[in-house]
Amino acid sequence: MNAQTRLKDMIPAREKLVVIGNGMAGCRAVEEILERDRDRYEITIFGAEPRVNYNRIMLSPVLAGEKTFDEIVLNTAEWYEENGIALVSGDPIDHIDRARKTVVSRSGRVTPYDKLLIATGSDPFIIPVPGRDLPGVVTFRDLDDVDRMLAAAERGGNAVVIGGGLLGLEAAHGLSLRGMKVTVVHLMPTLMERQLDEAAGWLLKQELERRGQTILTGADTEEIVEKDGHVGAVRLKDGREIPADIVVMAVGIRPATILARTAGIECERGIVVDDHMVTSDPDVLAVGECVQHRGTCYGLVAPLWEMCRALADHLTGASTGYAGSVTSTKLKVSGIDVFSAGDFSGGEDCEDIVMRDGARGVYKRVVLKDNKLIGAVLYGDTADGSWYFDLLRKEEDVSDIREGLIFGQAFASGGALADPNAAVAALSDDAEICGCNGVSKGQVVRCIDAGAHSLDAVRSQCKASASCGSCTDLVASLLSLTLGGEVESGPASMCKCTSFTHDDVRRLILEKELKAIPQVMQELHWTTPDGCAACRPALNYYLLCAWPGEYEDDQKSRFVNERLHANIQKDGTYSVVPRMWGGVTNPKELRAIADVVEKYDARMVKVTGGQRLDIFGIRKEDLPAVWADLNAAGMVSGHAYGKSLRTVKTCVGSEWCRFGTQDSTGLGIRIEQMTWGSWMPHKFKIAVSGCPRNCAEATIKDFGVVCVDSGYELHVGGNGGMKVRATDLLCKVETEEAALEHCAAFIQLYREDAHYLERTAPWLERKGLDWIKAQLFDDPDAVRRLAARFRHSQRFMQDDPWAKRAAGERRDLHGHLATVVPAGKEYA
Amino acid sequence: MEAKWLDLGPTTQIEAGMAATLPVIGGEEIAVFHTMRGEFYALVNKCPHRQGPLSQGIVHGDSVTCPLHNWRISLKSGQVLGDDEGCVPTIPLKIDCGRIYLLREAVVAPRPADGPAAEPQAA
Chain A
1 MNAQTRLKDM
11 IPAREKLVVI
21 GNGMAGCRAV
31 EEILERDRDR
41 YEITIFGAEP
51 RVNYNRIMLS
61 PVLAGEKTFD
71 EIVLNTAEWY
81 EENGIALVSG
91 DPIDHIDRAR
101 KTVVSRSGRV
111 TPYDKLLIAT
121 GSDPFIIPVP
131 GRDLPGVVTF
141 RDLDDVDRML
151 AAAERGGNAV
161 VIGGGLLGLE
171 AAHGLSLRGM
181 KVTVVHLMPT
191 LMERQLDEAA
201 GWLLKQELER
211 RGQTILTGAD
221 TEEIVEKDGH
231 VGAVRLKDGR
241 EIPADIVVMA
251 VGIRPATILA
261 RTAGIECERG
271 IVVDDHMVTS
281 DPDVLAVGEC
291 VQHRGTCYGL
301 VAPLWEMCRA
311 LADHLTGAST
321 GYAGSVTSTK
331 LKVSGIDVFS
341 AGDFSGGEDC
351 EDIVMRDGAR
361 GVYKRVVLKD
371 NKLIGAVLYG
381 DTADGSWYFD
391 LLRKEEDVSD
401 IREGLIFGQA
411 FASGGALADP
421 NAAVAALSDD
431 AEICGCNGVS
441 KGQVVRCIDA
451 GAHSLDAVRS
461 QCKASASCGS
471 CTDLVASLLS
481 LTLGGEVESG
491 PASMCKCTSF
501 THDDVRRLIL
511 EKELKAIPQV
521 MQELHWTTPD
531 GCAACRPALN
541 YYLLCAWPGE
551 YEDDQKSRFV
561 NERLHANIQK
571 DGTYSVVPRM
581 WGGVTNPKEL
591 RAIADVVEKY
601 DARMVKVTGG
611 QRLDIFGIRK
621 EDLPAVWADL
631 NAAGMVSGHA
641 YGKSLRTVKT
651 CVGSEWCRFG
661 TQDSTGLGIR
671 IEQMTWGSWM
681 PHKFKIAVSG
691 CPRNCAEATI
701 KDFGVVCVDS
711 GYELHVGGNG
721 GMKVRATDLL
731 CKVETEEAAL
741 EHCAAFIQLY
751 REDAHYLERT
761 APWLERKGLD
771 WIKAQLFDDP
781 DAVRRLAARF
791 RHSQRFMQDD
801 PWAKRAAGER
811 RDLHGHLATV
821 VPAGKEYA
Chain B
1 MEAKWLDLGP
11 TTQIEAGMAA
21 TLPVIGGEEI
31 AVFHTMRGEF
41 YALVNKCPHR
51 QGPLSQGIVH
61 GDSVTCPLHN
71 WRISLKSGQV
81 LGDDEGCVPT
91 IPLKIDCGRI
101 YLLREAVVAP
111 RPADGPAAEP
121 QAA
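Sequence lines, in order, name chains A and B. Quick note, the first sequence lines up with residues 1 to 828 if you use the UniProt record's numbering. Quick note, the second sequence lines up with residues 1 to 123 if you use the UniProt record's numbering.
Just chain A, with the same shape it has in the complex (with noise of 0.2 Å):
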């Protein structure tokens, strides 16, 4: 006997716990049983699918490209290697024999077992109409089934989605944001007709239809038609047609039983189990979409976590008991706000009531039974939902709030109105909280109690409110309330249509790859429908910096000035200002100038404060003429409008003035030559002066040089205006190249960190020279990639957007729809 047995010898062999399914459920119940007792079980997990477990309920937004398939891992390979965990993945079990205790895989392994998990989930149902085996006929399920649908969507065309339940209209929803054009048909003659009434789901099709997918009610597939070898069309029992390059099988889904089935183990529509989630056989236990508990299938999440937990109390000798689950559903499709819960089906000894608001596309409606709430349907307003919610599931008697009921929480509990955190108090601990990450009150306030005194803080110890951030009004309520005036309160929000903050939003933006306004505000839960005028310039500027050369700019999103490319003045009239590098004219451009100053009967032109001339008084209907002729002349726009750089002041240097000690004009010019068209945070302005007597004036600009016999002194920060600030020094430099290339650097950090409208000087405040240093200086390459990054974003930039216009683009910003002349004007 050799040394490492005896010591195995010592240690009590552990029991061996196989799970045959690596889905939500099962990884959960070996999460919980971990939680509960790490020691106990010697664990196996096996799979079908070649991946680690991911969060299925997250396909949608994958699909629909707001998701990345590591953004949905819940556990990664290193969760089971450091949890000891044997995942066996890719080599499904065929059988299970009871006899011996052990399970059989597809390529003949043969693993035993004391105690057996079953946890296959369900399989979607395919419903039985010839060509169902086609090529391009798929069903939504798993990520397979995602990658075949974004193959499909790649090559475009046609999308038939047969099932407008839940699951079908997520895809439709992804399958149309990929730029196919999509029909659902569904049998029933009303969407999503299990969670919603007829009323929001008329409502839901009306908003799909607005979006342009194609909704068929009350259609029954005859066939799906094939065409060279693939599927080719979708046919509908009255006949009609609809061409299809994919056909998406979204109907429903069916317990995966058959596993136990064979077994011997008792299954009706699902796999029999008790309250401790045990089957007919004591040591095979089963959780999740495959089981049947008390009669009951389900096919949402909210059950599973349930049933994970009285499993594990079960494994671990605690047993507690699962007494089933009222579900609640929540549709993913962005910008549409859709819940339902319990049963709305009504009837004579049911009590409805309804609510509409048709301006604001608001329909809710609940269903009561001897005064407690059974069910709960609303659209275009879910805010209440989890409070309807959770009313229902504690069957309170709600005879005393039922006029007030169907207006919301504020609402019906009188004095809370004006006190939302009264609200939340009256909220049970075990009311979640946080849907994305399964959190509810009481954990949030445990967590609160153990130091996360805000709410960045809860977030990161907690996970709540830390993924969508719908929540996080309810996480700001408690922490006020088991805080009471100590919350430590983080910067302020963005605007009032988010509880976020510029640096949250322009951080999820890259981690969420965010890459629309519409996907910003749906994903980050915008409060307002598309934002306001403070919130939208600022998203687009985010996402222009974040995605150079992707994003599409927003005309609708972008102020005035900017849309019209012109500075807008106080009677409506617009000013011009051509660019002129460095501040240098020719007579060529003078006498362009001076030409368009008559011809378009300008009121004034005047030299600016940044060296440039400044045509006033052009009518928007002349704005692409003039610039057509000042193109001719060839000069471009100057971004006297833009949240941009505006301009390089300079002054004549080494090449005139007797004092100059570099050539401070030509630096300029190559300085404003590289930097022209880019977008930033707020205006941006530079100057170059050739001497330390600094006649451009460059110690009050963003960006500043100062030439001196030995180099370039280059100072940031620097603002005129209310309040006027001189600018730090940032550093020293020997040559030209390097004086652009830290020029380059600068703005590109600008670009990248500031909050939108907020200019160098406060940005330079509120971050510190050090930071600011510290990220160009303290890792040796930093100011190259920062300057990489800036040139790579002005391939995209710099382009003239007056010549654009001039040639006829966006003709209806410019122009008027028509012009009424009243009866009798004609001559007047």
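Hints may be right or wrong, so weigh each one.
[Claimed, not checked] Chain A side only, calculated, beta carbon under 7 Å to chain B, not exhaustive:
| no. | residue |
| --- | --- |
| 1 | PRO529 |
| 2 | LEU544 |
| 3 | PRO548 |
| 4 | VAL560 |
| 5 | HIS816 |
| 6 | THR819 |
Since the hints were derived computationally from the structure, they do not count as laboratory data. Just so you know, these numbers come straight off a predicted model, no measurement behind them. C-beta atoms are modelled at their ideal positions from N, C-alpha and C, and glycine is treated no differently.
Chain A is fixed; fit chain B onto it per the hints.
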């Protein structure tokens, strides 16, 4: 006999989230708005504050923010929102078969709305 409604042409002329202008000879210029939710409204193109061209503002929800000094105006009622006060005359508008129509008499002589807010007109 003049038609009661003035036909401005197809709704597709105005992108959602934008506005277009309609000068009226001898009268007030009108701005026709198309909200992101697909509703159309017509108002006199003049902020009650300093006469800024509302058509050039950022449209959000069913309001527009004036480009000159950020006053917010309800497109439904013409009322100034928030802490400021004032009202912009609205022009009755209807959408029929994908075309925009304005009530002719209101185009010629817009009056401040004193009745209930205009019903949104969706395309």
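Evaluation of the provided hints:
1. Satisfaction of the interface hint for PRO529 of chain A is found here, the shortest Cβ-Cβ separation to chain B being roughly 6 Å, below the 7 Å cut-off.
2. This hint is violated: LEU544 of chain A has a C-beta 16 Å from the nearest C-beta of chain B, more than the 7 Å allowed.
3. Hint status for PRO548 of chain A: violated, given a least beta-carbon distance of 23 Å to chain B, over 7 Å.
4. The criterion of a C-beta within 7 Å of any C-beta in chain B is met by VAL560 of chain A, whose closest approach is roughly 4 Å, and the hint holds.
5. At a threshold of 7 Å, the smallest CB-CB gap from HIS816 of chain A to chain B is about 5 Å, leaving the interface hint in force.
6. Satisfaction of the interface hint for THR819 of chain A is found here, the shortest Cβ-Cβ separation to chain B being roughly 5 Å, below the 7 Å cut-off.
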